[in-house]
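Trainee: For the protein sequence lines, the chains are P and E, in the order given.
Residues in the first sequence are numbered from 0 upward in steps of one, following numbering that gives the first Met the number 0.
Residues in the second sequence are numbered from 0 upward in steps of one, following numbering that gives the first Met the number 0.
Incorrect hints may appear among the rest.
[Stated by the list, open to error] In silico DSS-like cross-links for lysine-lysine, where the CA-CA straight-line distance does not exceed 30 Å:
1. E:K492 x P:K155
2. E:K130 x E:K234
3. E:K343 x P:K92
4. E:K343 x P:K155
5. P:K83 x E:K344
6. P:K83 x E:K492
7. E:K440 x E:K472
8. P:K155 x E:K344
9. P:K155 x E:K218
10. E:K454 x E:K472
11. P:K33 x P:K92
12. P:K92 x E:K416
Since the hints were made in silico from the structure, they are not lab data.
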Amino acid sequence: MTKTIFLVILQAVISFTCLPVSYSASDLIETTCKQTPFFDLCVSTLQADPRSSSADVAGLAHIAADSVNAKATATLNQITGLLKSAGDPNLLKALQGCVDKYNAIIQADIPVAIEAIVKGNPKFAVSSATDAANEAQNCENSFANPPNSPITDSNKAVHDLSTVLESIASLLL
Amino acid sequence: MQNMANSKVGFFLFFALLVGHGIVELEASHHVFKNLQTVQSTASTNQPYRTGYHFQPPRNWINGLMVYKGLYHLFYQYNPKGAVWGNIVWAHSTSKDLVNWTPHDPAIYPSQPSDINGCWSGSATLLPGGKPAIIYTGIDTKNSQVQNLATPKNLSDPYLREWIKSPKNPLMQPTSQNQINASSFRDPTTAWLGPDKKWRVIIGSKINRQGLAILYKSKDFVNWVQAQTPLHSAKDTGMWECPDFFPVSVSGQNGVDTSLTGPSVKHVFKVSLDDTKHEYYTIGSYDNVKDIYKPDKGSVESDSGLRYDYGKFYASKTFLDSVKNRRILWGWINESSSVADDIKKGWAGVHVIPRKLWLAKSGKQLTQWPVAEIEKLRANHVSLSSKLLKGGSVIKVPGVTAAQADVDISFEISDFKKAEVLKPSWTNPQLLCSQKGASVKGSLGPFGLLVLASKDLKENTAVFFRIFKGQNKYVVLMCSDQSRSSLNQDNDKTTYGAFLDVDPLRQLSLRSLIDHSIVESFGGGGKACITARVYPNLAINNAAHLYIFNNGSEAVKIAKLNAWSMKTAKVN
């Protein structure tokens, strides 16, 4: 009896001391996000995507690109909605310019970034992400104040997410 | 030992390429770019930024070149579907004079498992018998970077329009044995012959943060064996793209065969740095028995090293023009505009005017100068000589089409007493130019040119010099200041700078090639070169003007000025 107990305890001790140290997905997300200027945004965005639990840095970059795309698409919808009821010519002009800028993000920057990540030419992902951040910022700057920008929060979200993408893609250089 | 084969009919000289990538057959309709078709069709008909004499395609993206000569052949990475990077194929143009170009169908595009996901950069080599061969990076079915061979289908076609790929592709690839990183293995160079009659080629790579030039050798150009050690490597430089390795004559300006070694030459090793999108080169010696390159003592191996061009310039490549005995440098100039603007105008990317390249007399750097052929576009010659340029003055240069011009000016400085002292901490010329732009008054400088300037100077691009008193000698700072180049705030208006080594400092020359949205400047006869992209709102076409300015307190003398309108070339 004592021998059995001893063996069970011994096995338990061995099992626990020999537990392999697992490099958890959240460790990689944290180390990666620490290298971006928006840690919290980065972490919450990546963790929200189920793919992140088994992604390497390139995979995380891909997720970041997808999230920029989603946010930019939502913002574009917001802009086209606002265009329908915009009367002020300055507002109209700014919103129309923003449509072009957001189209550039969705139709050019993001596809280029994803292809660059997948094929191992990360500098094009970095430059696309930089451009996406600039497009969002340029859109925000284009409002004459008055009238003020009706999409400040969205522009900031896209800008910041793009900056996160830029930082993660830079890790692949 | 040398000897690339010479043939009277086609003496081909190849050179390089760029980074890029392509996609499956152009009909891959489900590819992400399908939406770009509609965006493209609305491209603006108003095109104030298209160049008159710099190479660019009618539409879309270019980012590299490979020149292959006899007839000069330019192969470049091209996206037929949009004004961004993607769907890359090898577009092809030929020229008799490096000035006017004839387009042909794309030469290389995805067609084998070893390049089905992209035909990226590569180089051409002239094999004995006058046969060109291209080795290029393909992206295979697993998205790995591999190296492939293509040769002309029909050697008697002077335009070399069709190319066939080796059934043995890929010839070089990452394996579990060689442990080469499959996403860091690209841009094979022009090959050269060693004393053992084996060809050598280098391919850019990295291990962690160490940049590498992996060396392969071959007897037959098909079977390649990796050398035990890389040709060269450097710590902390990141991925090495577009390596280029070639000899330069120790005296004179002539180019020499890529395989030449011995006391009459030094070797140049250049890479494009993925991390910073700048290039750097070193000058050194090549041990062709051990196959090791060693840069000369004092060489700087980093982003702070010597550059061909201190502005917007990347993915460059040289080739030997054996007809005119010169080594020629090509470079890719990307846009400084937003992608939204690129889509609107329907194109992105231009090339510099090809430059002759040779070792400076000091032996410590290279000198470049636009090929002489470009001068045949000159017209409406305007000149000035021996004119005093007082401090605070601006002089207009009339009579030339300021948006499409070639300007060459030299200044004479006689009194250096008032030169500002150069602080020892001022080691970064780009930063120094950003802090001391054209509008910051100085003592001996800033003086130079205001190009693509609006009448009220609200918009202008300033290319100028400042002279400082350094430790034991005078130091010349050359700047290209884009901060006021355009009222459009969406552009990248970064200022560029370089230190210019001119000794003795009596005359300071500056040449600028101006072409609507590109300003290529050469200081000191080509010892420092800076290329910039600008997109004025006002200073376009006939509303663009050219001035000489001096915003320093001290007068300088214009020894001579020559300016010309540049005729429009046929670039495609």
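Trainee: None of the hints should be skipped; say for each whether it holds.
Mentor: Structure-based check of all given hints:
| no. | hint | verdict |
| --- | --- | --- |
| 1 | E:K492 x P:K155 | holds, 22 Å |
| 2 | E:K130 x E:K234 | violated, 38 Å |
| 3 | E:K343 x P:K92 | holds, 16 Å |
| 4 | E:K343 x P:K155 | holds, 24 Å |
| 5 | P:K83 x E:K344 | holds, 26 Å |
| 6 | P:K83 x E:K492 | violated, 34 Å |
| 7 | E:K440 x E:K472 | holds, 22 Å |
| 8 | P:K155 x E:K344 | holds, 27 Å |
| 9 | P:K155 x E:K218 | violated, 58 Å |
| 10 | E:K454 x E:K472 | violated, 38 Å |
| 11 | P:K33 x P:K92 | violated, 39 Å |
| 12 | P:K92 x E:K416 | violated, 55 Å |
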